[in-house]
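Student: Residue-level listing of the chains:
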Amino acid sequence: MTKYALQRVIEAIPLLFLVTLVTYFIMNLAPGGPLSMYLHNPHVTQSQIAVLAKQLGLNEPWYIRYFKWLWALLHGNWGYSYFSGQPVIQLIGQRLPNTLILMGSAFLVSLGLGIPLGIYSATHQYSTFDYTFSFLSFFAWAMPSFFFGLLLQMIFAVKLGWLPVAGMYSEFYPPSFLELLRHLVLPTMVLGLGSLAGWSRFMRSGILEVIRQDYIRTAKAKGLKQRTIILKHALKNALLPIVTIIGMDLPGFFGGAVITEEIFAWPGMGRLFLSALNDRDYPVQMAALLISAALLILGNLLADLAYGLLDPRIQYN
Amino acid sequence: MATLNLPPLDSELITDPLEGSGPSSVRRFWRRFARHRLALVGLSILLILVLVSIFAPFLTSYSPTAPNLTQVLLPPSAAHPLGTDDLGRDVLARLMYGGRISFMVGFFSMIIATSIGVVWGATSGYLGGIWDRLMMRFVDLVMSFPAIFLLLVVLNLTGANASVALMILYLGLFGWTGLSRIVRSQVLSLKTQEYVEAARAQGSGTARILFKHVLPGAMAPVWVSAAFGVAGAMLAEASLDFLGFGLQPQIPSWGNMLDSAESYIVTHPLLILAPGLVITIAVVSINFVGDALRDALDPRSTAGMQRIG
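Protein sequences, first through last, are from chains V and S.
So in the numbering used here, spot 115 of the first sequence is number 135, and the numbers just go up one at a time.
So in the numbering used here, spot 31 of the second sequence is number 278, and the numbers just go up one at a time.
It should be emphasised that the hints constitute simulated quantities derived from the structure, not laboratory data.
Glycine residues also receive a C-beta, built at the ideal position from the N, C-alpha and C atoms.
Among the clues, some could well be false.
Beta-carbon label-pair distances, calculated as ranges [claimed, not checked]:
no.: 1; chain 1: S; residue 1: Val288; chain 2: V; residue 2: Ala186; range: 36 to 44 Å
no.: 2; chain 1: V; residue 1: Leu41; chain 2: S; residue 2: Leu420; range: 17 to 25 Å
no.: 3; chain 1: S; residue 1: Ile377; chain 2: V; residue 2: Gly96; range: 30 to 38 Å
Partial list, computed: chain V residues near chain S (C-beta under 10 Å) [claimed, not checked]:
no.: 4; residue: Ile46
no.: 5; residue: Trp91
no.: 6; residue: Phe158
no.: 7; residue: Phe166
no.: 8; residue: Gln173
no.: 9; residue: Met268
no.: 10; residue: Leu270
no.: 11; residue: Phe273
no.: 12; residue: Phe274
no.: 13; residue: Gly276
no.: 14; residue: Ile283
no.: 15; residue: Leu294
no.: 16; residue: Ile317
no.: 17; residue: Gly328
no.: 18; residue: Leu329
no.: 19; residue: Pro332
Partial list, derived from the structure: chain S residues whose beta carbon lies under 7 Å from chain V [to be verified]:
no.: 20; residue: Ser391
no.: 21; residue: Leu482
no.: 22; residue: Val525
no.: 23; residue: Ile526
Please take these sequences and the hints and turn them into a complete structure.
Tutor: Printed below as a string of structure tokens:
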């Protein structure tokens, strides 16, 4: 297992390297380049631009510039925002934790509700609950998350006034954990709804497939209680496909986070990225692309390792 | 991209040992498909939505784009069954014409994504060796980025808002990777079959074997994934519209309608509800159809709608 884990980690490194290369390439397609803001400035002469280009190393071939950029990146020098002048790494440091809070909360809710609901649906197959829940989960999965978000905002924040409309902390109360929770409820529902629907459906079909197997029949024949059979014997095998699906679903979490943060003015990476797009703030865009890809690779790696831990049948060589 | 798939409503794998194969396969396909009642409902709704959007000019006399500033934000009435929007345009007319954009984007970007995915996956699986490794590493690389980030960056690089054709192209170019993996694994298992070896022994060329003999056997998951692909692309387009990086604002798409209605959420909720519900119903209907296709063609497949957000 350790060897397998190490091997997967080592495999991820060239992928990360390629990710930096692609990111660098895309951002160098950007029209104008870093000196474009001086081109129309009458106080900056052509020769001054040439000097600046030389100072910034823009005359060197792209691969030299790429490796210099990568070297700086690895040393924590991610450049400065074109827009605010702040170091990019500082901006990311402020925003990334907020996104992780939102994603973590949605992830826990989807998993914490989705798995029990899926099990209940499976053990009560063809019941009214099963049909209703299945039908609703198709709608939940098909609804655009921003539409769902606007609906929630309209009902729970504007009409009923139970929950804050947007933001992470209130302007009127001192920041506290309780305030954070109150602000988290609606964004969590929006970000988690799709995966809750999908994962519970998967859990349902996983359990249904497992309980037809012989070892479950043996457990039943031994006279074990239904509860013990499901929770002790069936669940572990039925969880396996879920792990894969969670890994595959991670990119959707990033997309969902961008949309959710936009609706609820959540001060995370997604909104930072959107405003960097609007401001043509390339260093920040680049960092957001890199961080999201790195997190995705990490997430998939963790899903693979979890799969390996759960399934003893997998051989590692 | 997230490939979250909803297993069939009735998750039992449907196989009937008495069903033979042969010329009756179309009828057999239809029988299996029709067992999924919701898919028949979905198919009928889709048909209505598509017909209404195609024949929109005959069904409404209002223009979906021309503003009428004397008729701003009217409540529903006989003249305007769903009221008018902030520029005085008939909401129902915009919904009808918006269907053209949404279905067009969904359908054509699916065609692009499916074509690339099939050719890429089949080539990779069939050639094997170093080509397979390189081509699949490329797929890994594309899939390392959350699709929405790439789409947003590329849309932003080519100008603020896209035309319908550009949107179709981008969604197609970023939507094929999952399918290519599925097709590759199908081709890997099919290419060692005896009938393929027989074709090779007869001296058929690589392309001929691949496209005439191997691919037809690998198409079941492709149809399933194509159905879900249409739904995923329609949702993706609406999300990008909503984020302000989608189609040009004057194009009457369902996503743009939602985006421009956001400020009227409290005073005129119908402006949000109408396009939101129509998108949801369209996507649910397509997913039901995809689901039944999976039951009928490829019950073990894990293909599903990809959601970018």
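Student: Closer than 7 Å between Cβ atoms is the bar; does Leu482 of chain S clear it against chain V? Give me holds or violated.
Tutor: holds (6 Å)
Student: Are Phe166 of chain V and chain S close enough, Cβ to Cβ, to be under 10 Å, as the hint says?
Tutor: holds (5 Å)
Student: Are Ile283 of chain V and chain S close enough, Cβ to Cβ, to be under 10 Å, as the hint says?
Tutor: Status holds, d = 9 Å.
Student: Taking 7 Å as the limit, does the beta-carbon of Ile526 of chain S come near enough to a beta-carbon in chain V?
Tutor: holds (6 Å)
Student: Quick check on Leu294 of chain V please, does its C-beta sit within 10 Å of some C-beta on chain S?
Tutor: holds (7 Å)
Student: Quick one, is the Phe274 of chain V hint okay against chain S at 10 Å, beta carbons?
Tutor: holds (4 Å)
Student: For the hint 30 to 38 Å, verify it against the beta carbon of Ile377 of chain S and that of Gly96 of chain V.
Tutor: holds (37 Å)
Student: Hey, does the Leu329 of chain V contact hint survive, CB to chain S under 10 Å?
Tutor: For Leu329 of chain V, the interface hint is violated, since the closest Cβ of chain S sits about 21 Å away, which is over 10 Å.
Student: Have a go at the Val525 of chain S hint: is there a Cβ in chain V nearer than 7 Å to its own Cβ?
Tutor: violated (10 Å)
Student: Less than 10 Å between beta-carbons is the criterion; does Met268 of chain V satisfy it with respect to chain S?
Tutor: OK, holds: Met268 of chain V within 10 Å of chain S, min 5 Å.
Student: Given Pro332 of chain V as an interface hint, is its Cβ closer than 10 Å to any Cβ of chain S?
Tutor: violated (22 Å)
Student: Against chain S, with CB atoms and a cut of 10 Å, does the hint on Ile46 of chain V hold up?
Tutor: Ile46 of chain V check passes; min Cβ-Cβ to chain S is 6 Å, inside 10 Å.
In this structure, the hints that do not hold are numbers 5, 17, 18, 19 and 22, in rising order.
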